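J.: Listed below are the residues making up each chain.
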Amino acid sequence: MSKFITILEGLDRRWIFLAMAISVAGPILIIGITGKTLPETPTPAARAVYSEIEKLPVGTPVLIAFDFDPASGGELTPMATSLVHQCAARGLRMVFIALWPLGPQLIDETIRRVILADYPNLKEGIDYVNVGFQSGNEAVMKVMLTDFAKAFPITKNGTAVGDVVALKGIQRASDFPLLVEVCAGYPGAKEWIQYVISSSGGKIKMVTGCTGVQTPQLYPYYPVQLNGMLGAIKGAAEYESLVNSSLAPKDSSAAIPAKYLEAQRRMGPQLGAHLLMVGLIILGNIAFFAQRKSKVRATS
Amino acid sequence: MKPSKTWVIIVAVIVVLVGIRMSIGQGMARAYVERVDQSVDVKANATHVATTFKWTEWHPVQPKMYEAAQKADANQTRFAFSWANTIGLWLSAFFTLAIFSFLYRDNPGYRLAEAVIIGVSAAYWGVVGFWDTLVPKLFGALTPMLVHEKVLPSLPDPTMGQVVAMYFALALGIMLLMRLAPKGGWISLWPIAFIIGVTAGLKIVSHVESDLVAQTVATFQPLVNLKSADHVTQLWPTIWASLANILLVVGVLCCLTYFFFSVDHKGAVGRVARVGIMYLMITFGAAFGFTVMGRVALLAARVEFLFDDWLWLIDPAGKRIVEMATAVGSMLCWW
Amino acid sequence: MKRLVPMWIAIVAGFVMLLSAFFPITESLGETMGDVFNVVAAIAFILGAGSLAKVNLAKISQRDQGWGYAAITLICFAITLAVGLGKFGVPPSAQFPALGWSGEKDAEGSIFGWIYEYALVPITSTMFALLAFYVASAAFRAFRAKNLEAILLLSTAFIVLLGRTFAGVVLTGWLPDWASGLRLENLSVYIMQVFNTAGNRAIIIGIALGVTATSLRILLGVDRSWMGSGD
Numbered sequence: 001m002s003k004f005i006t007i008l009e010g011l012d013r014r015w016i017f018l019a020m021a022i023s024v025a026g027p028i029l030i031i032g033i034t035g036k037t038l039p040e041t042p043t044p045a046a047r048a049v050y051s052e053i054e055k056l057p058v059g060t061p062v063l064i065a066f067d068f069d070p071a072s073g074g075e076l077t078p079m080a081t082s083l084v085h086q087c088a089a090r091g092l093r094m095v096f097i098a099l100w101p102l103g104p105q106l107i108d109e110t111i112r113r114v115i116l117a118d119y120p121n122l123k124e125g126i127d128y129v130n131v132g133f134q135s136g137n138e139a140v141m142k143v144m145l146t147d148f149a150k151a152f153p154i155t156k157n158g159t160a161v162g163d164v165v166a167l168k169g170i171q172r173a174s175d176f177p178l179l180v181e182v183c184a185g186y187p188g189a190k191e192w193i194q195y196v197i198s199s200s201g202g203k204i205k206m207v208t209g210c211t212g213v214q215t216p217q218l219y220p221y222y223p224v225q226l227n228g229m230l231g232a233i234k235g236a237a238e239y240e241s242l243v244n245s246s247l248a249p250k251d252s253s254a255a256i257p258a259k260y261l262e263a264q265r266r267m268g269p270q271l272g273a274h275l276l277m278v279g280l281i282i283l284g285n286i287a288f289f290a291q292r293k294s295k296v297r298a299t300s
Numbered sequence: 001m002k003p004s005k006t007w008v009i010i011v012a013v014i015v016v017l018v019g020i021r022m023s024i025g026q027g028m029a030r031a032y033v034e035r036v037d038q039s040v041d042v043k044a045n046a047t048h049v050a051t052t053f054k055w056t057e058w059h060p061v062q063p064k065m066y067e068a069a070q071k072a073d074a075n076q077t078r079f080a081f082s083w084a085n086t087i088g089l090w091l092s093a094f095f096t097l098a099i100f101s102f103l104y105r106d107n108p109g110y111r112l113a114e115a116v117i118i119g120v121s122a123a124y125w126g127v128v129g130f131w132d133t134l135v136p137k138l139f140g141a142l143t144p145m146l147v148h149e150k151v152l153p154s155l156p157d158p159t160m161g162q163v164v165a166m167y168f169a170l171a172l173g174i175m176l177l178m179r180l181a182p183k184g185g186w187i188s189l190w191p192i193a194f195i196i197g198v199t200a201g202l203k204i205v206s207h208v209e210s211d212l213v214a215q216t217v218a219t220f221q222p223l224v225n226l227k228s229a230d231h232v233t234q235l236w237p238t239i240w241a242s243l244a245n246i247l248l249v250v251g252v253l254c255c256l257t258y259f260f261f262s263v264d265h266k267g268a269v270g271r272v273a274r275v276g277i278m279y280l281m282i283t284f285g286a287a288f289g290f291t292v293m294g295r296v297a298l299l300a301a302r303v304e305f306l307f308d309d310w311l312w313l314i315d316p317a318g319k320r321i322v323e324m325a326t327a328v329g330s331m332l333c334w335w
Numbered sequence: 001m002k003r004l005v006p007m008w009i010a011i012v013a014g015f016v017m018l019l020s021a022f023f024p025i026t027e028s029l030g031e032t033m034g035d036v037f038n039v040v041a042a043i044a045f046i047l048g049a050g051s052l053a054k055v056n057l058a059k060i061s062q063r064d065q066g067w068g069y070a071a072i073t074l075i076c077f078a079i080t081l082a083v084g085l086g087k088f089g090v091p092p093s094a095q096f097p098a099l100g101w102s103g104e105k106d107a108e109g110s111i112f113g114w115i116y117e118y119a120l121v122p123i124t125s126t127m128f129a130l131l132a133f134y135v136a137s138a139a140f141r142a143f144r145a146k147n148l149e150a151i152l153l154l155s156t157a158f159i160v161l162l163g164r165t166f167a168g169v170v171l172t173g174w175l176p177d178w179a180s181g182l183r184l185e186n187l188s189v190y191i192m193q194v195f196n197t198a199g200n201r202a203i204i205i206g207i208a209l210g211v212t213a214t215s216l217r218i219l220l221g222v223d224r225s226w227m228g229s230g231d
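Protein chains in written order, with my numbering: chain A, 1 to 300; chain B, 1 to 335; chain C, 1 to 231.
Be aware that a few hints might be false.
[Unchecked claim] Simulated coverage check for chain B against chain A, where a stretch passes if three residues somewhere in it have a Cβ under 8 Å from a Cβ of chain A:
| hint | region |
| --- | --- |
| 1 | 238-249 |
| 2 | 281-291 |
| 3 | 295-302 |
Read the hints as simulated data drawn from the structure, not as lab findings.
Just so you know, these numbers come straight off a predicted model, no measurement behind them.
Beta carbons: idealized from backbone N, C-alpha and C, even for Gly.
Model the full structure from these sequences, guided by the hints.
T.: Set out below in structure tokens:
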């Protein structure tokens, strides 16, 4: 036992790194080969996101903000995919914007992955539009509150926003009944709540998908200022399972495309890594208490 | 510090496995593209005669589409192997492994990747700022003809107010860039003052409205929260919901007491503040749990990239024809 | 003069933004200010890029330690800037094919888009992923149940870590319905909605008070620390 404690005390951090790599890589290989994922039970916050989108009438304009970059793609791409999947299936008019410089690229990728691949009947500029990026963070939100076209004069492909059918009837941000925000930091959901949702006097509802780091900070806003929330990859997996079960192909033998199972697949490595973390904390404490006990013995 | 034998062996095994993977089955890390010929007819106008513009685009496709097309017709020209994207894939894998190599210790590979990303991201932001904001807003207002003729023909004409505002923005921008000049950097304080003033003006309203008032209002919860189904009050749901509201109200008040440093944290105030500390510890514990969750998801995404796109070990999206289980099986056989 | 003018610029800009939230007559002025701010923010991107170039050039010319990496940074910077501003490899826009510069800078086939896909994405996402390893190592070495506060922190972390994965269902799924609130997956939601909300709400209210006070001090010209102590 004492030898084990000595090993624990002097354990090189690289062994911990190796253990983490194995605990993540192992489940990825197993899930990748078997194609099996773990079951998910959606929490109220994830259900709220789903129902807020679902209750909008067909053709309603929805503002979808991609305020993240590829660095957080591992967490946020699956939820962005599912959010667009549900909006497209529901027949909502999707207006994409970004307040992060790399957001427009991620919007294009999501459009290719979901809309162009599975909803070829939706037309660019009519059913959806990528308005692109504008610098200025909160100041862009401020301008959008009174004049959308002034904040975003052209779309990403160079069309004047006044000429875009998808933006017909949109004068200001409050003309969108719902804001769907996928965010990784500043500016993100918090700023949208502070500068747009609060100022709109309840005209705009908002749902968000955010990173694990942001989730605890956003909980105080839910459900009063924030109508639904997907927290980290777990929130993405819950929401993904909700959307998949509602949009399941009528032919039940048809498999759900892998791109709509990304978050659920990622819950496997998540399980492995979380168990490792718990194990490491327990081992660390065993070593700590054993050391303390031996010190007490030595002094007495 | 010399690498220990164990680590050398581990790295060697990984390298050998990658080598084996390269030589079995369909190989790995190749990218393919589809040829798409575009043709657009442009009507005659004041500046040019009617013309048909033709060009070719190459769109990335899944390997299985290339393989299927080759099987059907070995001389097809619609799908092709892409050197640029294949090199890109290998470069991505190199950068990923270079960054991970830092886990062992600092090394030239990691530093190279770090140097690359600093240069690329700074320029990337500059380019995005130029094309997405400066061209449509600044140049679109100050040189509308040039912008219409060369880049954005559909950009609406600026109003006089916009032109004046953009001259003002240009002046502030030039002052800001004076920071790079050897002399006269003090003038950059003017645009910074503008930025500070605008931000302060924006923040007062938003923070009071959204964070101070709305959050305080949200804290006023009924301490007994009756939960009923079919007009019958349910015991356990009512207990849980009421307890949640009581704990929430008590928690916010205790934490605020802890943050109130104008009074000594002694006696009753001290005890309340201590309860506040406990709430904050739980808050930090939850934050830790969620941070771990976030970071692991990012790591999983990178490992998926290595296994799926680079090594072709797994194929959850069915991008390739050969079942990956077969490839893994053959790899294990080799091993 | 050097400090008085900036102070008044901040005061005027701040009050315009503040009043535009209350009086419709000043709304358009606030909107214009916001628009100017957005353009200045874009110019700040260029300042950042220029600053990086300046620092690295100095490092190379002085042959400082690691100047080779500074050269790589500069080369990558110059290439990305050139291909991005020049829209190299960008196919024409389908709407306006007659205009050579009308295509999207990051369109498929463009060199700028290639740099994004194969350099920016892998490096930035892997750098963020590295933290998963360090957080594990830190948890092993630093998470010690030394006192009540540490025990609370540890147990919450345990509940969240287990409750947000399938482990929670396996470990406590057997609990009867009346005690379903004690199942790890429900307990983690309860912690987030009650304890975490209380803690973070107090932090949010505290920050709101602090930000409001600081902003008011700037707008009234009392706080000038943002100007620095320079000449």
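J.: Give me the numbers of the hints this structure contradicts, sorted from smallest to largest.
T.: When the structure is compared with the hints, only number 1 turns out to be violated.
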